[in-house]
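Going by UniProt numbering, the first residue of the sequence shown is number 1, and it counts up by one from there.
Hints in this document: simulated from the structure, not taken from any laboratory.
Note that CB positions come from ideal geometry on N, CA and C, so glycine has one too.
Hints may be right or wrong, so weigh each one.
To be verified - Simulated DEER-style distance windows between Cβ atoms: (1) 214 <-> 56: 26 to 36 Å; (2) 170 <-> 59: 28 to 38 Å; (3) 201 <-> 36: 13 to 23 Å; (4) 264 <-> 170: 37 to 47 Å; (5) 257 <-> 138: 19 to 29 Å; (6) 90 <-> 134: 16 to 26 Å; (7) 214 <-> 91: 20 to 30 Å.
Stated by the list, open to error - Taking lysine to aspartate or glutamate pairs in the DMTMM-like style, the calculated list, with each CA pair at most 20 Å apart, reads: (8) 281 <-> 67; (9) 281 <-> 231; (10) 281 <-> 227; (11) 281 <-> 225; (12) 281 <-> 271.
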Amino acid sequence: MNRDSMPAAAGRNRIVSVSGAPYDGYPAPMMLESLARIGASHVEPAFIVGYTEPFDESAFRPERAVEYARWLADAGIGCHALSSHIDLGRPDALAVFTGRMHFAARIGARVINTNAAARANETRFFQNIAPLARLAEELGLVIGLENPGDGSDNLLNTAADATALLERIGHPRVGLNYDAGNTISHRPGVPAADDALAAMAQCVHTHVKDVRRTAQGWFFTALGEGDIGCDRIVQAIAGTSLSLSIEIPMRLHRGPDAQPSRLAWRVPLTDIEARLSAALKFVDHHLSTVEQTA
Numbered sequence: 001m002n003r004d005s006m007p008a009a010a011g012r013n014r015i016v017s018v019s020g021a022p023y024d025g026y027p028a029p030m031m032l033e034s035l036a037r038i039g040a041s042h043v044e045p046a047f048i049v050g051y052t053e054p055f056d057e058s059a060f061r062p063e064r065a066v067e068y069a070r071w072l073a074d075a076g077i078g079c080h081a082l083s084s085h086i087d088l089g090r091p092d093a094l095a096v097f098t099g100r101m102h103f104a105a106r107i108g109a110r111v112i113n114t115n116a117a118a119r120a121n122e123t124r125f126f127q128n129i130a131p132l133a134r135l136a137e138e139l140g141l142v143i144g145l146e147n148p149g150d151g152s153d154n155l156l157n158t159a160a161d162a163t164a165l166l167e168r169i170g171h172p173r174v175g176l177n178y179d180a181g182n183t184i185s186h187r188p189g190v191p192a193a194d195d196a197l198a199a200m201a202q203c204v205h206t207h208v209k210d211v212r213r214t215a216q217g218w219f220f221t222a223l224g225e226g227d228i229g230c231d232r233i234v235q236a237i238a239g240t241s242l243s244l245s246i247e248i249p250m251r252l253h254r255g256p257d258a259q260p261s262r263l264a265w266r267v268p269l270t271d272i273e274a275r276l277s278a279a280l281k282f283v284d285h286h287l288s289t290v291e292q293t294a
C-alpha cells in the first residue's frame, strides 16, 4: 500500500503517538494518565509477547475493548495505532489476529501493526493475509507489517523485501510499519536510516526509536542518542502524510544474539515521563524544521 492512498493529508493531519512499551508493568489507566501529563495526544497500545507483561487472547474480548475505550476517554487520549505482533503464518493466526483486529477497531484505532511471518511459514501467511485484508477493509483498518529485530529469516527483513511482498499481497489495506530500530539488530550490516528512507513510500505508519550497540547487545536510548539517525528519519517523515509512533521500550534490551530480554522490575514513572517528554520535543523539532520550510 502506498501512503499516498491514505486519507490523511500531509502535515496538519499527522498523528504522533507514543507506544505503551515503556510502561511495561503499569496498569493501562496509569499509563494513560501519565501520557496526558506529558502532553501526548495518542497512545499506541503494545501487546507483544516477550516485550511486555504476559497476556492471552482474553485481553481482546469485546468487554475488554469497551473498558479500554473508557480508559482512553477518561484520560483524553486517542488511539490511532495498535501494536499486536504475531507471526501471521502460524496455524492459529487467522483466528487470533481477527480477534485483535476487532479489538483495535473497537478502541478507535485505524492501524494495527504486526510482523509478517517467518519465511518457513510463507504459504500459510499468504493464505491468511487475504481474508485479513478483507476484514481490515470492513473494519476501516490498515495492517502495518513490521520488520522484526531478532535476526531471524522473515518475509520482511529489510526494505528490499517490501515491493515483492506487497505486490504479491495486492491489497491497499496492507502496507509497512517500518522500524529502523529493529533493522540495526536484525540485519546489522544494513544502514538503518537509509533502509527506513527506502521503505517510506510503502509505509502506512512507522515507528521511531533509537538504539545503541554495545558489547552486551543493543540498548534503546533517548531519540538522537543512539546509532540509528532518527533526525534523518523524522525529517523525511515530515515531507509525507505518515503518522508515527515513538517507541522506546525502556524495560527491554536485546542481547548480542538480538533476542529480547526484559528487566525484572518496571522502570520508574518519572524516568519514563522524562524520556518520553524529550522524545516528543525531538520529534516536534525535526518535523517542524522541515514543515516550516516546505
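Exercise. Which earlier hints turn out false for this structure, listed by number in ascending order?
Worked result: As far as the earlier hints go, 3, 5, 7, 8 are violated by this structure, in ascending order.
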